[in-house]
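Residue numbers (our numbering), protein chains in the order written: chain L, 6 to 257; chain A, 453 to 763; chain C, -4 to 311.
Keep in mind the hints are simulated off the structure, nothing from the lab. Be a bit skeptical, because a hint or two may be false.
[Claimed, not checked] Partial pick of chain C residues on the chain A-facing surface, computed with a CB cut under 7 Å:
1. V131
2. L138
3. L295
For clarity, every value in this text was computed on a predicted model and none was experimentally measured. Idealized CB from N, CA, C, for every residue including glycine.
This is what each chain is made of:
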Amino acid sequence: MIQVNQLSKCYQGKKVVDGAQAQFERGKVTAIIGPNGAGKSTLLAMAARLTSRDSGNVIIDGKEIAQWNTGQLAKRLAVLRQANSFAMRFTVQELVAFGRFPYSKGRLTDRDNQVIHSALAYLDLVELKDKYLDELSGGQRQMAFIAMVLAQDTDYVYLDEPLNNLDIKHSLQIMQVIQKMAHEMQKAVVIVIHDINFASCYCDTILALKHGKVVASGAVDEVIQGPVLSSIYETPFEILTVKGKRICSYMV
Amino acid sequence: MKKLLLSLAVLSTASLFVGAANLNLQQILNGDPLALEILFSSRLPRLLAILLAGAGLSIAGLVMQQISLNRFAAPSTTGTIECAMLGYVISLVFFGEFSQLWLVFSSAIIGTLGFIYLIQRIPFKNVVFVPLIGIVFGNVVEAITTFIAYKYDVLQSLNTWTVANFSHILRGDFELLFIAVPMVLLTYVFATWISAAAMGKEFAINLGLNYQQILILGVLLVAIMSASVVMIVGQLPFLGLVVPNLVSLYYGDNLKRNIPLTAIYGALLVLCCDLISRLIIFPYDMPIAIVMSILAGGVFIILLLRDRTYA
Amino acid sequence: MPDSARLLVLLAFSLGLVILTVALGLTADNYAYFLSKRIPRLLAIILAGVAIAQASFVFQTITQNRILTPSIMGFDALYVTTQVLLVLMFGSLSHLVVNPYINFVIATTSMVAFAVILYRFYFNRPHRNLITLLLVGLVFGQLFASISSFLSLLMDPTTFAMVQAKLFASFNNVQTDLVYLCSPVLIGVSLLLFRLHPSLDVLLLDQDNATSLGVDVAKLTHQIFILSAIAIAVATALVGPIMFFGLLVTNLSRALLQSYQHKVQLQGSALIAICSLLAGQWIVENVFTFATTLSVLFNLLGGSYFIYLLIRNRVA
């Protein structure tokens, strides 16, 4: 389990994240939602040692994040940020193979190759494995990155806006994979997401941020409620129930 | 503004009376022929050269920063100076004597234009990258120049030419610098156009301006001004970079108002550096380039480190 | 042709050039003298070339940029300033100037110290930016250049001529004693850099992904910065400044070999460095008949290649 306590960060005198409190449990998908500039990505980056923090702590499996050896932590926690573009050209298989670095330090074993292959199969990428990333569509590329994260074989997975700029088909595909990662593989998956309906339909718990503060958190039913969302987004909300799922309508 | 002009006048007068040969007001008023000769053939030309070079190069930097959309661009960080030197060496090697002004100007213009087009094609993630590439580009052009100079054995004359020095300025060989006057005036007249271009290509075209023409005009101004300064006095490192940046730091970014300010501050800075370089090992002159690079280089580093916007 | 075969071809080329360089014109009478001259020179060329190539390549990885080399940080100018300063302060006949060991140690120490100070300075700042660091180094370089050109004005002509000879060090007057002193340093640094290759591969995925995969990016950057500073400083003190050489060989290696892996690319750029230095030296001696120097030639070639890379828009 990952426990986030009183996490804060200032940037140029402005509090980007302000005393955030959160808990990420295995077997569950947690969505972090909130308006632009609410501090969602910063919170995620701090909870993954990518950004420094001003105060607070992050406990991963009973140990403070700063106490972890970064190489050991890479076997427990994988994080994927948005907008990944590189100077170098990689094939899908080469990218996914990087996921095994924490274990093999670049020298792939038979076991590594098995894991890589099953990650590729899991995301339906076997046929594309020798294609270069820049030859793929945005959706396929995102699948390749998620396959890398999967190959990293960690208990905790953070994804920063995994649906950014994707079409509906790929968005659905990725959300289904994310759900399976949590429910079938017993991982704790944390995603930053803008589309509240995807959060509502595919996630188990929701953490809502506004101006750096956690303003609501809990199960989907508790957070996806008209008054709660209206105050977060400063927009009138109406919650409908379609096939047992809560769907938000926010067209005025 | 008044204070500025006053201090410029005071320092200019001081500059006239500093030097190895003794010269004072009494002698001039008495019409002492020797004193007048020193004044008109050496001291006054030197002062004028300083003022014109300082103002001209600072304005060149200002224009460069506008048209390249980068506040760390200047003739010394975009290869303009090195291209001018390449032109000089070519004219030296192929025309025997240094009289081919057009060659120096045109190579400075072509090089600068080329660099501007280059940086427009490359999407830079980082503001600091443009001056870095520019300096390396300058080094490349310098390598070509050295290659030619080494082969034709003119390395020596190239070296004496590149270190800025006002001590050898006499009447009759600095007059080219007056070119800075029409150039500054032109910049002033076209200030609005140039600052519109500084908002970016789409913005300028959206306003109905001919972006390419403004760009070429800007490059012409920059290249001719800096090439003539380099030819007469030599390199004044970082001057064109530091002065406009300091002016915009304290006065904001109104181009029309900044042009006269930049010109005056530029002249003032060069004047101060020249006085320092003349007094520090009196009666000998230390090359102003050294004082300049320590002072302006230091300011540049401070500017770089305090700039947070790209971090 | 797979990369491994290409590497073998490069290796064969290098060996051929090495043999030619050593053996050409050797007879039973002159071999002792020629070998005593040629072998240290060859060693200097190979070691300096390999060190510059490795240092440049890994430096490009940590700066995420293909057109930078650690040489642009003002090492050349600092080297010149150190030499001029030594002569001016202690006289041209001082041990500090004449003794190659002491002189070499002073020169390299000052260059490495400069790099370390720059780096410390950069690392203590809240907003780290490696490109800014480079530019600051470059500005310092221009400052050093101004200082040394002023100091050399204060010297008398004979002293100046002596310093000048030291500054245009090239492969023709490599000091034999120095080569053996440098060898362990350069071999050590090259090996250490090479050993970092798996983590460097991961760094190609950008800092955040590399951190997520368990690479300590700050530590790696630090190691590489210091190691490449040492490599460049020693190579500069040994054979003189060749600013654009690193840029040329790393990019040739990228063009020639397909793999992104540092294991392959580091071997490739090292071999290309050896080939091009030996071939370049041959061209300088035979085609230009010493009308140009190796460093001028490589700055010209490397510089033109730099412009070509810019125009091709290959700057990441």
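Hint check results:
no. : hint : result
1   : V131 : holds (5 Å)
2   : L138 : holds (5 Å)
3   : L295 : holds (5 Å)
This entry satisfies every hint, going by the numbered hints stated previously.
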